Amino acid sequence: MSLIIDCHGHYTVLPKGHDSWREAQVAAFKAGEAAPAYPEISDDEIRETIEANQLRLIKERGADLTIFSPRASAMAPHVGDQSVAVPWARACNDLIARVVALYPETFVGVCMLPQSPEADLTNSIAELERCVDMGFIGCNLNPDPGGGHFKHPPLTDPYWFPFYEKMCELDVPAMIHVSGSCNPAMHATGGYYIAADTVAFMQLLEGDLFSRFPTLRFIIPHGGGAVPYHWGRYRGLADMLKKPALDTHLMNNVFFDTCVYHQPGVNLLADVIENKNILFGSEMVGAVRGIDPTTGFYFDDTKRYVDALDISDAERHAIFEGNARKVFPRLDAKLKQRGL
Numbered sequence: 001m002s003l004i005i006d007c008h009g010h011y012t013v014l015p016k017g018h019d020s021w022r023e024a025q026v027a028a029f030k031a032g033e034a035a036p037a038y039p040e041i042s043d044d045e046i047r048e049t050i051e052a053n054q055l056r057l058i059k060e061r062g063a064d065l066t067i068f069s070p071r072a073s074a075m076a077p078h079v080g081d082q083s084v085a086v087p088w089a090r091a092c093n094d095l096i097a098r099v100v101a102l103y104p105e106t107f108v109g110v111c112m113l114p115q116s117p118e119a120d121l122t123n124s125i126a127e128l129e130r131c132v133d134m135g136f137i138g139c140n141l142n143p144d145p146g147g148g149h150f151k152h153p154p155l156t157d158p159y160w161f162p163f164y165e166k167m168c169e170l171d172v173p174a175m176i177h178v179s180g181s182c183n184p185a186m187h188a189t190g191g192y193y194i195a196a197d198t199v200a201f202m203q204l205l206e207g208d209l210f211s212r213f214p215t216l217r218f219i220i221p222h223g224g225g226a227v228p229y230h231w232g233r234y235r236g237l238a239d240m241l242k243k244p245a246l247d248t249h250l251m252n253n254v255f256f257d258t259c260v261y262h263q264p265g266v267n268l269l270a271d272v273i274e275n276k277n278i279l280f281g282s283e284m285v286g287a288v289r290g291i292d293p294t295t296g297f298y299f300d301d302t303k304r305y306v307d308a309l310d311i312s313d314a315e316r317h318a319i320f321e322g323n324a325r326k327v328f329p330r331l332d333a334k335l336k337q338r339g340l
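If you're matching positions, the sequence shown starts at 1 in full-length UniProt numbering and goes up one per residue.
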């Protein structure tokens, strides 16, 4: 019997005081004023938001544990500057820590980073260290902090190396996850997210990052963007660019989740990508919240897609539990402490 570990959950329905403070913080920055103090938020307010949303759905859909991070669309490092990004990241991550403290059997934390577009990664490194000290097991790394214009250097550029060094030192992976789009040509969840996933994979293909950082691990969400559907293209590009085959060049370090909201898509993912590189994820309550009229089930009820795959029990166990424990060794250690 496998634990059902959801590698991709966000705190999407938050206490009203938290969202109101963010609005006030941004307004104060625009006015050249100091932001107000962060409000008092009670444990009961947190319980109300969690129990009516993520916790209820986790129980209904049969998951056991969710790797939980701040709401992706609201990370928004492009809003304001570093003086805005740092306290916002701390406030969001502190809320995640409180959720985990209230429901330690069900949630484990992954942090967002204060990646303001004009800043270096010093504050992001400090926030990662702070959050790991609080028990977090990974981070969300934004490859495009500018919010839809892709002005940052590729993920293989030395700009990112100090952060990778810290990731390797702490033995934590990163989910490569952009935030809200400020580019009107890119719808956030339908265009920008999938494009960024695909762009990130190609950046990694063009470089040689994992020879320098052999223990670095990335999860590319949303099923890997367009990559599995075009796997032959990327295999061919690796050959044209005189790179090693993808299985050795990237796929010891890169993993995809199952946030693909229909059965044929998950079937394709499992047919094309090696089982060892797939982690169960739902992103609920998140990008797509409605009921699929062709099935009568919620689009983001992704466990049923994995249950329906024509694979062995051992392969299903790897997707639901085994791979997550390998990619997140701090999670594995926590589970072993619980006798799991």
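A portion of the hints provided could be inaccurate.
[What the hints assert, rightly or not] Straight-line distance between alpha carbons at most 20 Å, and here's what the computed PhoX-like set of lysine-lysine pairs gives:
id: 1; residue 1: LYS276; residue 2: LYS303
id: 2; residue 1: LYS276; residue 2: LYS242
id: 3; residue 1: LYS326; residue 2: LYS336
id: 4; residue 1: LYS336; residue 2: LYS166
id: 5; residue 1: LYS303; residue 2: LYS59
[Unchecked claim] What follows is a list of derived Cβ distance ranges for each label pair:
id: 6; residue 1: HIS317; residue 2: PHE150; range: 35 to 41 Å
id: 7; residue 1: GLY135; residue 2: ASP44; range: 18 to 24 Å
id: 8; residue 1: ASP171; residue 2: GLU51; range: 31 to 37 Å
id: 9; residue 1: GLU33; residue 2: THR295; range: 25 to 31 Å
id: 10; residue 1: GLY32; residue 2: VAL288; range: 36 to 42 Å
id: 11; residue 1: ALA245; residue 2: LEU340; range: 34 to 40 Å
No lab work stands behind these hints: they were computed from the structure. If you're wondering where the values come from, they're calculated on a predicted model, not measured in any experiment. Backbone N, C-alpha and C define an ideal beta-carbon position, used for all residues, glycine too.
Hints, one by one, checked against the model:
no., hint, verdict
1, LYS276 to LYS303, "holds, 17 Å"
2, LYS276 to LYS242, "violated, 25 Å"
3, LYS326 to LYS336, "holds, 13 Å"
4, LYS336 to LYS166, "violated, 24 Å"
5, LYS303 to LYS59, "holds, 12 Å"
6, HIS317 to PHE150: 35 to 41 Å, "holds, 38 Å"
7, GLY135 to ASP44: 18 to 24 Å, "holds, 22 Å"
8, ASP171 to GLU51: 31 to 37 Å, "holds, 32 Å"
9, GLU33 to THR295: 25 to 31 Å, "violated, 50 Å"
10, GLY32 to VAL288: 36 to 42 Å, "holds, 39 Å"
11, ALA245 to LEU340: 34 to 40 Å, "holds, 36 Å"
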